[in-house]
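Position chain C against the provided structure of chain D, taking the given hints into account.
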Amino acid sequence: MSTIEQQASGTFAADPVHSHVGFEVPYAVATFSGEVTDFTASLVDGHLEGSAKIESISLKDENLTAHVLSPEFFDAERHPVLTFSGDLARDGDRAKVEGEITLKGITKPATLEGTIVGPTVDHFGATRVGLKLETVVDRTAFDMNWNMPLPSGEPALGNEVTLKADLTLVAQES
Amino acid sequence: MRVLAISGSLRRGSNNTALLRALREEAPSGVEIEIWDGLEEIPPYDGDGDLAPGPAKVEAFRSLVREADAVFFATPEYNSSIPGALKNALDWASRPLATNAFRNKPVAVIGSSAGAFGGVWAAAELRKVLGAMGARVTEVEMAVGHAHDKLDDAGRLVDDDVRLELGEALETLLAEASPALVAA
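Residue numbers (the numbering used here), protein chains in the order written: chain D, 747 to 920; chain C, 5 to 188.
For reference, chain D alone in the conformation it holds in the complex (with noise of 0.2 Å):
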């Protein structure tokens, strides 16, 4: 792969109107998902920060927003910001950022893959880069161990979370 700052060097932020960054978690017999609405992330020289506020996670019921909120999950009070920091390396459409992500406390190795588009010129005159990027980790490294057992006796609850972050970013004026 060669590295982003042959095509996009600079500094790009999260446009966040136009961003999403959430997860999924296989629960019972289908995939729960989540939004965290109040985020962060930038770009610059190939390397990409992040940061997510925990308490702006968006769930449909508000209790459940408040278990996922409390210690047996994210633990907002003690842990209010989940961060990303990696270097992104790309090959053609496709984007892989190693690096290292912090949740709850706890520093993880993480490498997010998906793809890359732009940077290009919009209609209004900015320069923008699309990535939209993944990466699955196992809840349970970062201190959250909540399960209920089905009656067949298997976890309600998966431990394979999946991370997902579909970023516009602009290009930033020196």
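Just so you know, these hints were derived from the structure itself, not from any lab. Since this is a predicted model, take the numbers as computed values, not measurements. Among the hints, erroneous ones may be present.
Straight line, CA to CA, 35 Å or less: simulated DSBU-like cross-link-like pairs of lysine-lysine [what the hints assert, rightly or not]:
1) D:K806 x C:K132
2) D:K850 x D:K878
3) C:K91 x C:K61
4) D:K850 x C:K91
5) C:K91 x D:K799
6) C:K91 x D:K910
7) C:K91 x D:K854
8) D:K854 x D:K842
9) C:K132 x D:K799
10) D:K806 x C:K61
11) D:K799 x D:K910
12) D:K854 x D:K799
13) C:K132 x D:K850
14) D:K878 x D:K842
15) D:K806 x C:K91
Same frame as chain D, but now just chain C:
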């Protein structure tokens, strides 16, 4: 720092309440332990009466929990589980769930019983309930079996090992409740 101590037993000669009195003696300087005596006055939980504000005794209990920096439970075990009166009080306290008084509250749970196992199943279930309510459940696991043998006729703890364990359990809870751990 204020610790609210809750016994799961209403019995006048309760071993668990006696353990909480001993716990109070182990409190370091600057730590005030209040043993709650209002459990018997909490009405049966009734969803029809689950309004804001709730019954006066329930609201008083919720306030005590909110004002405490941490909560220490000592529970007996009835039919392999949590005593009904204690579970009932927690069901009231857990409402509404998203903003309940136990949310993020550091808690410790110990059990004691006349039998050999020291209420270990009741304590485990109580920890599960408190976790579901959003409390910050500490790793404390202390089960006092044959509890009556460890207290004298006046209900005073006379077992040095149990006293030491109580002190360690309190230390764990206080460490969890340390303001330094709370995010700004």
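Evaluated hints:
1. For the hint pairing K806 of chain D with K132 of chain C, the CA-to-CA distance comes to about 24 Å; that is within 35 Å, so the pair holds.
2. Taking the CA atoms of K850 of chain D and K878 of chain D, the gap is near 24 Å; set against the 35 Å cutoff, the hint holds.
3. Distance hint between K91 of chain C and K61 of chain C is fulfilled; the C-alpha atoms sit about 15 Å from each other, no more than 35 Å.
4. Simply put, K850 of chain D and K91 of chain C have alpha-carbon atoms about 30 Å apart, close enough for the 35 Å limit, and the pair holds.
5. This hinted pair checks out: K91 of chain C and K799 of chain D have alpha carbons roughly 34 Å apart, not beyond 35 Å.
6. At roughly 40 Å between alpha-carbon atoms, K91 of chain C and K910 of chain D are farther apart than 35 Å, so this suggested pair is violated.
7. Between K91 of chain C and K854 of chain D the alpha-carbon distance is near 39 Å, which puts this suggested pair outside the 35 Å criterion.
8. Between K854 of chain D and K842 of chain D the CA atoms are separated by roughly 17 Å; this keeps the pair inside 35 Å, and the hint holds.
9. Distance check on the hinted pair: K132 of chain C and K799 of chain D sit about 27 Å apart at the alpha-carbon level, within 35 Å; holds.
10. This hinted pair checks out: K806 of chain D and K61 of chain C have alpha carbons roughly 33 Å apart, not beyond 35 Å.
11. As the CA atoms of K799 of chain D and K910 of chain D are separated by approximately 15 Å, the hinted pair is consistent with the 35 Å bound.
12. Taking the CA atoms of K854 of chain D and K799 of chain D, the gap is about 18 Å. The hint holds against a cut of 35 Å.
13. Annotation: proposed proximity of K132 of chain C to K850 of chain D holds, straight-line Cα distance about 20 Å (limit 35 Å).
14. Simply put, K878 of chain D and K842 of chain D have alpha-carbon atoms about 10 Å apart, close enough for the 35 Å limit, and the pair holds.
15. Annotation: proposed proximity of K806 of chain D to K91 of chain C holds, straight-line Cα distance about 28 Å (limit 35 Å).
Taken one by one, the earlier hints fail for this structure at numbers 6 and 7, listed in ascending order.
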